[in-house]
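Undergrad: Chain order of the listed sequences is V and X.
Going by my numbering, the first residue of the first sequence is number 1, and it counts up by one from there.
Going by my numbering, the first residue of the second sequence is number 1001, and it counts up by one from there.
One thing to keep in mind: the hints can contain errors.
What the hints assert, rightly or not - In silico DMTMM-like links for lysine to aspartate or glutamate, alpha-carbon gap of 20 Å or less:
#1 V:379 - X:1221
#2 X:1380 - V:46
#3 V:313 - X:1214
#4 X:1064 - V:80
Just so you know, the hints here were simulated from the structure itself, not pulled from any lab data.
There are 2 protein chains.
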Amino acid sequence: MSKIKVAVFFGGKSFEHDVSILTGLQSIQVMDITKYEPIPVYVDKDGLWWTGLELFNIKNYPIKQKIKSKLKQVYLKIGDNITKPTLQIKNKFFNNKILFDIALLSFHGSYGENGSMQGLFEIANIAYTGADVLSSSVYMSKNITKKICRELSINVLNDISLTKPSNEEFLDVKKLINDLTLDYPVFIKPANLGSSIGIYKASNQKELTTSLLEVFKIDDEVIIEPYVENLVEYNIAVMKNNAGEIITSVIEQPNNKDDYLTFEDKYLSSDSSKKKVANITAIPSDELIESRRIFKPTLSKEQETFIITSAKKLFQAMGATGSPRIDFLSNKKTGEIWLNEVNPIPGANAFYLWQNSDYKINYTELIDIMIENGMKNYKKKEKNIDLKISSSVIFK
Amino acid sequence: MSKIKVAVFFGGKSFEHDVSILTGLQSIQVMDITKYEPIPVYVDKDGLWWTGLELFNIKNYPIKQKIKSKLKQVYLKIGDNITKPTLQIKNKFFNNKILFDIALLSFHGSYGENGSMQGLFEIANIAYTGADVLSSSVYMSKNITKKICRELSINVLNDISLTKPSNEEFLDVKKLINDLTLDYPVFIKPANLGSSIGIYKASNQKELTTSLLEVFKIDDEVIIEPYVENLVEYNIAVMKNNAGEIITSVIEQPNNKDDYLTFEDKYLSSDSSKKKVANITAIPSDELIESRRIFKPTLSKEQETFIITSAKKLFQAMGATGSPRIDFLSNKKTGEIWLNEVNPIPGANAFYLWQNSDYKINYTELIDIMIENGMKNYKKKEKNIDLKISSSVIFK
Chain V
1 MSKIKVAVFF GGKSFEHDVS ILTGLQSIQV MDITKYEPIP VYVDKDGLWW TGLELFNIKN
61 YPIKQKIKSK LKQVYLKIGD NITKPTLQIK NKFFNNKILF DIALLSFHGS YGENGSMQGL
121 FEIANIAYTG ADVLSSSVYM SKNITKKICR ELSINVLNDI SLTKPSNEEF LDVKKLINDL
181 TLDYPVFIKP ANLGSSIGIY KASNQKELTT SLLEVFKIDD EVIIEPYVEN LVEYNIAVMK
241 NNAGEIITSV IEQPNNKDDY LTFEDKYLSS DSSKKKVANI TAIPSDELIE SRRIFKPTLS
301 KEQETFIITS AKKLFQAMGA TGSPRIDFLS NKKTGEIWLN EVNPIPGANA FYLWQNSDYK
361 INYTELIDIM IENGMKNYKK KEKNIDLKIS SSVIFK
Chain X
1001 MSKIKVAVFF GGKSFEHDVS ILTGLQSIQV MDITKYEPIP VYVDKDGLWW TGLELFNIKN
1061 YPIKQKIKSK LKQVYLKIGD NITKPTLQIK NKFFNNKILF DIALLSFHGS YGENGSMQGL
1121 FEIANIAYTG ADVLSSSVYM SKNITKKICR ELSINVLNDI SLTKPSNEEF LDVKKLINDL
1181 TLDYPVFIKP ANLGSSIGIY KASNQKELTT SLLEVFKIDD EVIIEPYVEN LVEYNIAVMK
1241 NNAGEIITSV IEQPNNKDDY LTFEDKYLSS DSSKKKVANI TAIPSDELIE SRRIFKPTLS
1301 KEQETFIITS AKKLFQAMGA TGSPRIDFLS NKKTGEIWLN EVNPIPGANA FYLWQNSDYK
1361 INYTELIDIM IENGMKNYKK KEKNIDLKIS SSVIFK
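Please take these sequences and the hints and turn them into a complete structure.
TA: See the structure below:
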C-alpha cells in the first residue's frame, strides 16, 4: 500500500509565523512514516509558497535568501481540472508537479486559522486537517464565540465591543469611549487575533484611550472586558477520536511568564548556544513542557465539570471539526470561571494536553487522528456535492 | 483614468448554479461601463473556470460543449508572487494573463456563498464583493445564525438540530428521532443550504423519518422547527451605503408559487418562445418582479420595527459586510414574527428591494456600492496586514 502524502503547511502572513514553523516541523518529526510521507510547504511572510528538503532542518530557520535559493517555489491552481491535489513547481516545464493527498494545516493566527485558508482548500477540493471554515472563523472572533457561548449558557465575561473609527486619531478614539461607563480596571483585547498579543490593562479613561490606539493598529475591532483579579488560566483540548466520540484532554494551568520571550527562548531552549547542536528538535522536552504549566491543577468539582462540559458543548454546537484548545479565565480567590477563547489550531497542536490525558494519546497518534478526521470530513463533503449536483435536476 | 476591471464570478458547484448565472449576467448588464470593465468568469458544475465573450450572451446558456470550445479556461495561482490579481489562461504561453482589480461574487448556494470562496480571495489577496468569510459562513448556517439572533434578543423559532447518523438507513434515522417529543406538524430544513430547496412538512413521526432521509441526502445537519400556520414571509435587504451608514431596503412579501419552476419559467419569461428573441435580457421586467411579491405589505408598526431593527442589529453584530437579504416568517393571523434566515448573496442581488426603497438605489448604483464596499474592505485589510507583520518585531 502506498503512503499517504501529507503536505504540511506552516509559516504564513501572521504575527505567529515563527510559532507556526515549529508546529509544522513537529508534525513532520513525529508523523508515522510507515503510513505518511510528509511534504513541507513553507509560506513566507509575503505569502509565497516554498518546498524542499532544506525545510526539514530546523537550523535553516528563519529562512534566509541563501536557503530560499535552494528551495522550489510552488503554487496551487484554482479553477483548473485537477483529479488529485497538486502543487505546481514554478518555472519548471517537466516534472513540475508534486501530488499529495491531504493538507496538514499548521498555521497560527489570522492568516491560516480564521477560515480563509480552510475556504481555499474547500474550493480547491483538497482534504485538510482541523476545524472547518465556519468553526475556524467563529473561533477566531472572540466576539461571535462569546455570543454563541451565552446562547449555550456557557459563562463568559461581559464585554463591550468597539469598532475602529474611520479616522484613528487620538481625539476620535477618545470620542468613541466618552459615553462609556466602565468599572475600571478593564482588559482591552483585539477581537480577532488568536493569541496573547495586544492585550492591555487600563485603570482609567486615559490608559484606555492609549491602549485602544495600540490595539486598533492590529485589529479593527476590540473588546473591553472587566479585569479579572487573581487571574489564573485553564486550558483544555477537545476533538473527535477515531470512533467519532468527542473526547477532552487533561486540563492545564499555564504560567504566563513567557509572554515576550524570543522564538529561541520560548520554544527551543533557554540556552541559545544549544541552537548549534546537531540534533536540535522542534519538540519541546517534557521538562520544558512541565516548566510552563501545571497539569491537573487543583479545581473544585464544579470548575472541572464546567471546563469539560463547556468545551464539549461548544465544540459540538460548532459541528465538531478539528482539535481546538479552549481557554478559560478564573479568579483564583472567588473561584469564578469563564470561557475565554478558542484556538482552532493551538500551538504544538496542544499535543502535551493529549499526551498527559487519560487517553495517553502521544503526538504521533494525535497527528494520525487529525489526518483521519480530515479525510473523513472530505469524503463526507465529496458525497454531498455529488448528491447536490445530481439532485439539482429534480428541481428543473 | 483607466477603468476598474471587475471579474464577475458566477455558476459553481451548487444547486443554484443556474440562478447564479442570471445574477452574474445582470451585474454585467447594468454595470456602469464608464467606470468598470467586466470580465465574465463562469464556474461550471465541475468547478472549472472559463472566460470569453460568449459568456456575455444569455442565449449561450446552459453552456454546451460547442460554446465551451470557444471559451478560454482560466485559473488562479495561489502561493505565487502576484502584484495584481491575475487570471492565468490555460495552455497559452504568451499573452496568457488577464489582470483584474476586484472579484464580483455572484454565486448562490454553498459553493460560493458560505465563506469558502471568500476565504480563497482572502488568501489570494484579491478584493471581492459581499460578506466576509465569518459572516458568510455564519449566515449560511441556519443553526448558528439562530444562536446569534437569540443572543441579540431577535425572535427566532425554536428548533431541534439533528446530525446525520453515520449510517443513513431508515432504521438509524428512525432511532435518531425516537426520543423526540414533538408538537406536529413540523418543518424539516437542511441547516446549511441557503434556499428553499429541501424543506419538508411532517405531520407525524413516519413523515418525519421519510423527510429526514430526503434532507440527509443533501445536508449533514437538519433543523426541525414548529410548523407556522397562516405562513407569510417578509424579506428586507441591508448594507452599508457609500457614507458607511447601515441602511435597509423596502420590505417585500414574496409569493411562493414559483418554487419548482424551470430556469426559463422562473427568471426569463413565462413564454419560452421569447428565449429566441435577440434582445433577451437577464434583468426581470418590473412586471415580472411585481407579479412575484408585494412591496410594502401591510404590517403593524411593531412588525415593521422588528424587521428593520433585527436586520440592522444582526448585520452590525456580524461586522456589517456585504449586502445580504434577511428573511422573516410570520403567522398572518396572530401577527407573530420570527427572523428565519440570511442570504449573504441574494438572488439578483435583491436589486428590486433597493430600487423600490426610499433611497431609490437602482441596480447600477447597487453594483457600484457593492464594488466600493469590496474595495474599502480590502484596503482596510491590506493596511492591517502591513501593520501586523511589521509589529511582530516588537514582540520578539
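Undergrad: Now, for every hint given, state plainly whether the structure supports it.
TA: Hints, verified against the model:
Taking the CA atoms of residue 379 of chain V and residue 1221 of chain X, the gap is near 16 Å; set against the 20 Å cutoff, the hint holds. Restraint check: the Cα-Cα separation between residue 1380 of chain X and residue 46 of chain V comes to about 17 Å, which is no more than 20 Å; the hinted pair holds. Only pairs whose Cα atoms come within 20 Å are accepted, and residue 313 of chain V paired with residue 1214 of chain X is rejected, the gap being roughly 28 Å. Pair hint residue 1064 of chain X plus residue 80 of chain V holds up; C-alpha atoms about 18 Å apart against a cutoff of 20 Å.
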